[in-house]
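Q: Please arrange chains B, C, D, E and F on chain A, whose structure you already have, making use of the hints.
Next come the chains, spelled out residue by residue.
There are 6 protein chains.
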Amino acid sequence: MVSAVPISRYPVPALADLPEDIRARILEVQDKAGFVPNVFVTLAHRPDEFRAFFAYHDALMLKDGGLTKAEREMIVVATSGANDCLYCIVAHGAILRIYAKNPRLADQVAVNWRKADITPRQKAMLAFAVKVSLHSHEIDDADFAALREHGFADEDIWDIGAIAAFFALSNRMANLISMRPNDEFYLLGRVPKERQA
Amino acid sequence: MVSAVPISRYPVPALADLPEDIRARILEVQDKAGFVPNVFVTLAHRPDEFRAFFAYHDALMLKDGGLTKAEREMIVVATSGANDCLYCIVAHGAILRIYAKNPRLADQVAVNWRKADITPRQKAMLAFAVKVSLHSHEIDDADFAALREHGFADEDIWDIGAIAAFFALSNRMANLISMRPNDEFYLLGRVPKERQA
Amino acid sequence: MVSAVPISRYPVPALADLPEDIRARILEVQDKAGFVPNVFVTLAHRPDEFRAFFAYHDALMLKDGGLTKAEREMIVVATSGANDCLYCIVAHGAILRIYAKNPRLADQVAVNWRKADITPRQKAMLAFAVKVSLHSHEIDDADFAALREHGFADEDIWDIGAIAAFFALSNRMANLISMRPNDEFYLLGRVPKERQA
Amino acid sequence: MVSAVPISRYPVPALADLPEDIRARILEVQDKAGFVPNVFVTLAHRPDEFRAFFAYHDALMLKDGGLTKAEREMIVVATSGANDCLYCIVAHGAILRIYAKNPRLADQVAVNWRKADITPRQKAMLAFAVKVSLHSHEIDDADFAALREHGFADEDIWDIGAIAAFFALSNRMANLISMRPNDEFYLLGRVPKERQA
Amino acid sequence: MVSAVPISRYPVPALADLPEDIRARILEVQDKAGFVPNVFVTLAHRPDEFRAFFAYHDALMLKDGGLTKAEREMIVVATSGANDCLYCIVAHGAILRIYAKNPRLADQVAVNWRKADITPRQKAMLAFAVKVSLHSHEIDDADFAALREHGFADEDIWDIGAIAAFFALSNRMANLISMRPNDEFYLLGRVPKERQA
Amino acid sequence: MVSAVPISRYPVPALADLPEDIRARILEVQDKAGFVPNVFVTLAHRPDEFRAFFAYHDALMLKDGGLTKAEREMIVVATSGANDCLYCIVAHGAILRIYAKNPRLADQVAVNWRKADITPRQKAMLAFAVKVSLHSHEIDDADFAALREHGFADEDIWDIGAIAAFFALSNRMANLISMRPNDEFYLLGRVPKERQA
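Residue numbers (this note's numbering), protein chains in the order written: chain A, 1 to 197; chain B, 1 to 197; chain C, 1 to 197; chain D, 1 to 197; chain E, 1 to 197; chain F, 1 to 197.
None of these hints come from the bench; they were simulated from the model.
Certain hints may be false.
Which copy is meant is left open, so a pair is good if it fits within one copy or across any two.
[What the hints assert, rightly or not] Here are the simulated lysine to aspartate or glutamate pairs, EDC-like style, with alpha carbons at most 16 Å apart: (1) K63 / E155; (2) K123 / D140; (3) K123 / E149; (4) K101 / D140; (5) K131 / D143; (6) K63 / D21; (7) K123 / D64; (8) K101 / E155; (9) K123 / D17.
Keep in mind that this is a model prediction, so the values were computed, not measured.
In isolation and in its complexed conformation, chain A is listed as follows:
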C-alpha cells in the first residue's frame, strides 16, 4: 500500500502530528474506505486550508438536492478531464463507478462525455459544467435556459456550477503539488467486490 513514488511535492505529515479534528476526519475516511485517500494526507500539510477544503467539498457533494450523488461525481470527472487532473480523474472516477454501479462510466466521462452512457439531461448538465470550467466568462442566460428546459431548477444549476468551480480549485491544487492517486483507486468499482478480495 506504500508507494515508492512521492505522493506530493510537499512534506506529508504523519497522522500522529496532525491536529485532533483532522486526524479524526482521516481516521473516519480510513474506516469507511479501507485506506486513506492521498488528498487527505497531502492537503493536511496546511491544516487551515485542509479544513476549508473539506468543508467546501462536503457542502457541495454531501448535500441533498436535484442532483444524484452519481451526477455530482460525473461533474467532477468531466471537469477534471477538461483540466487533465490525474488525481481527480482516478479518485473520483472510482467513486463515480461505485455510485453509478457502472464500471465503464468514469472512463467515458473523463475522456469525452458526449460518448458516455448517460441521458441527454446529464449531457446538458456536463456541457454546462465544462463551460463553467473552461469559459465561465461566456456563461449567459441562454445557458441557464437550456438547463431549465431539461428540468433543472436554478438551485440545481448553482450546484452544477459550484461543483465545477470547486474542482477547478481542486484540480489546480493536485497539479500544483503533484498529488498522486492511491493505487487502490484505479481498480475500485471495476470488479465485483468478491473478486477484489
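A: Okay, now just chains B, C, D, E and F, sitting in the frame of chain A:
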C-alpha cells in the same frame, strides 16, 4: 449606493435572515470597509458554502509568510484577468491599490502583468500564478526551480499556487451567478482619501 | 506628472524637433486635454506613420454615422481588452467614461462586455467587433444579418468592423513599443470634475 | 458480452458476409484475445480501407526497432488522450497495461504523461509524439536534437512520429463513427489473470 | 528540376534499390504525371508503410461515390490548410486545380474555404471535414443532420470524414520528415497546357 | 477580366465618381500593374479611410531601411497566413514572388515560414512578425534581443512589428468586406513574362 441592476442571478438574503455567524462576519466587514462587498451577500445564499469560502480565503490571504499582502492581491488580480472575472478584478483591484499604495498597479496587472510597475521577482511570481490558473497540468520541476532562483521558498510557492487555485474557484462562482461589483470598488484607492469624501 | 519609467522602447522626440504639422496637432490635443497623451509623442518618432495613424483614427472616430461617440469607444475598449493592450484600455477607457458619463463602464467593457451596463444592441455590436478582432476569417452573412436585426445599417457595420481593425493595428503598435499610458488617464472620468482639481 | 448500445454509427457487417482475408484476420484476433475488438468489425464496413488500416497498423506496431512494444502503446495512449478518443484510450490502454505489466500506467499516460511512472527518455518521446499530434507544423531541428540526446536514433524518431500520425487518423475515424470500446477492454490488465476469470 | 534543398529529413532511396512493386508504382505515376511526386520517393524509405499509405489513399481517393474527384481534393486542401502542411497544400492544390479546371480554387480553399467559389453544399462538406480534422471529439448527430440536409448520404459522410482523417496522418508525416513539394506542383493547373510547355 | 462574383460586400465606386486624388492614385497603379488591384476600388468606398490606409501602407512598405522589399512582403504574407486572409495572401504573394524572383516562396511563407527557402535571419524576422500578429502582449526584451543577435537594428524591428500591425488591420478589413483578389494575382510571378502573354 443601491444599484438598480441585480447583483446576482440568485436571491440575495436580507441581513436579518442570515445565521448569526454570517451576519456577524458581514457586519464586521461593513464596519471596516464602510459598505458590504457583494461577494458576502450574494454567496450568503448558501451558508455552508459561504463559511467554507471565507475560511479558505482567510487561510490564504490573511496568513503570514514570504508574500506581502499586496503580492497576494497581485496574484488575485492577474489570474482574475486571465479568467475575465469582472467582480474579482474590480474588487481585488481596489484592495491591491490600497495595499500597494499605487493607484495604477491594479489596471496594469489585470491587463498585462508584463507591463506592470513591479519587480522581476514579482513578474516571475505572476507568470507562475497564471500558469497554475490556465495550464496547471503543465507545471513541472522547471517552474519550481525558476521561482526558487528568485528566492521563493517552497511554502511561498504553495501560497502562490493555492491563491491562483482558490481564485479559479472564485472567478467561476462570480461568473456563474453574475456577481456585480459594488460601485464603491471602482474608485477605491485611486484618489487620496480626502478627495473621495 | 513625469514618470521615471520610459513611455516607449524607442526614442521619444522633443516637441521642438518635430515637423510643424505634428507639433501643431500635439499642441492642439494638449490644449484640449490638459496633457499630451503618450500615443502622440511616442508615435511621432516616425512622422509619416504618425500622420497616417491619426488620419485613420480621425476618419473612423470623428465621423458622423449611426454609432455614438461612446459606442465607438466601447468598440475600442472591448477589442483592446481582447488583445490585452494596456495603453488602449487605460486611455480609451478614460474617453469612454467621459463620453458615456459613466465611471464604471470602461472597466466592465474591458473585462467582459457581456456583464456591462449596455443595451442588447450594444452587446451585439461588441460581439461582432470582438469577432473581427479575433476571428475575422470566420465573419459571414449570418454575422451581418444579426446586426441588421438590431437596426444597424451596413455602413454602421463597416464602422464597427473598421474600428476593430484599426485598433488591431493600434494595440499591436502599443504592445510592440511598450507604450505607457499617461498617469492622468487612470482617473479621468471616474470622479466629478471638481473633485479631481 | 453484447451491448445494447450501437458500436458504430454505420452498419456492422456479419462475420459471414466479410471477404475471406478479413474474416480470417478477425478470427485470428478473436482466438488470441478471446473477443473481437470493435475496431475490426466496425472498420470492416469498408474492406479496402480495413486492409490498408491494419497493414499500416502492423507496419508500425509489430516491427522491430528501438522502441519497445509498451513504448509504442504509450505513444498511442498519450496522443489519443490529446485527441479525446475514447475507443483508442480504452482499447490501447488495455494493451499498454498488459505490455508494461503495470495496471496504472495507461490512466496516467492518457491523462497527463508528465505525471506517469516512466523514464525521462520516455517523457521526451511522449512530448515529441504529442507535438506531432497537435502542432506538427512546428516540428523543427531542435525537436530532433532533443530526442537524439536521449539516445533515440533517427529511425526511432520516424517510428514515434509515424505512430502519432497513424493514430491521428485512427482517433478521427473512431470519433467519426462513434466507435464504442468493447466492455472487455476496461478491465484488461488491471487485475491478475486468475481474478478476471 | 533537381532542387538543391533536401526533399526529406530521411534518406531517399534510389529507384533501383526499391522493391519491384514500389518501383512499378513509382514508374507508373512518373509516366502519367511526367515527374515523380516527392511523397512517393520519400515515403519509399519505409516500404511497408509506403504500401499501406498508398493503399489507403487509393481506397479513399479513387473510389466511386457521391463525391466528385474535385470535391475529394477540396477536402484534402482545406484540411491540409488547417494543419499548415506545405506539401499537401501545394501538391493536392495542383490536383484540385486540374480536376476542378479552376486555377484559383486551390488557393481559396487552402486559405479560407468560406471565401471559395464553391456551392453551399460544398461549404457544408468542408466545414465538416475541418471539424473532423481539428475537433473530431465534438462530432455529433447535429453534424450528420446538417450534411444530410445538403443531400449527402451517410456513405458520403464517411468519405468526407475518412479523407479528413487520412490526411491528418498524411499532413503529420509530411511535417515530420519535412517533405518538400516538387517545384512542378506550384504551377500545375494554373495555366493552359500549351503555355506550360 | 471581369468576375461575376462581387469583389466586396459593399458598393464599389466607379472611377469617375471618385475624388481626384484617389482617381489619380488608382490610374497610376493601373498604369504600373496593368490592372487595378481590388483593394483600391473596394476601399475607395470610404475616401478618408482610403487615404489614410495607403499613406500608412506607403510609409511602411516604400521606405528605405534595413529590410529589403522582398522581406517586407514576406512579413505581409506570413502574417496574412496566420490570419487566414485570402486577399492579402494572393495579392502580396504575387508581389513577393516578383520582388524575390522566386515563384515558390510566397506559397511556402503563407503556409509555414519554417519550411520556406529563406535565411535563418529571415526566419527570426518572421517568427517575431507572427508573434506581433498573434500574441503581441507577450512581446518582451528577449524577443528584441533575439532579433539584435541576427543583426537587426531597433529601427528594423519597428519596421517588422509595424508591418505586422498594419496588416493586422488590412487582413481584418479584407475579411470584413470579403475583398476578392483579382484573378490576375494568382499567376503573377509564377511564370516568365513571355509565357503569360
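Q: When Cα atoms must be at most 16 Å apart, do K123 and D64 count as within-copy, between-copy, both, or neither?
A: Neither: 21 Å inside a copy, 38 Å across copies.
Q: With identical chains treated as interchangeable, where does the CA-CA distance between K101 and E155 reach 16 Å or less: within a copy, between copies, both, or neither?
A: neither (26 Å within a copy, 37 Å between copies)
Q: When Cα atoms must be at most 16 Å apart, do K131 and D143 count as within-copy, between-copy, both, or neither?
A: For K131 and D143, only the intra-copy Cα distance (9 Å) is at most 16 Å; the inter-copy one is 20 Å.
Q: Can you tell me if K123 and E149 fall within 16 Å by alpha carbon in one copy, between copies, both or neither?
A: within (13 Å within a copy, 25 Å between copies)
Q: Between the shortest in-copy and the shortest cross-copy C-alpha distance, which are at most 16 Å for K63 and E155: within, between, both, or neither?
A: Intra 12 Å, inter 33 Å, cutoff 16 Å: intra-copy only.
Q: Please work out whether the CA atoms of K123 and D17 approach to 16 Å or closer within one copy, between two copies, in both situations, or in neither?
A: neither (44 Å within a copy, 36 Å between copies)
Q: Within, between, both or neither: how does the pair K123, D140 come out at a Cα-Cα threshold of 16 Å?
A: Classified as between; 12 Å across copies, 18 Å inside a copy.
Q: Evaluate K63 and D21 at a C-alpha cut-off of 16 Å and name the case that applies: within, between, both or neither.
A: neither (21 Å within a copy, 20 Å between copies)
Q: As a check of your reading, is K101 near D140 (CA-CA no more than 16 Å) within one copy, between copies, both or neither?
A: Classified as neither; 34 Å inside a copy, 27 Å across copies.
The structure is inconsistent with the numbered hints 4, 6, 7, 8 and 9, although it conforms to all the rest.
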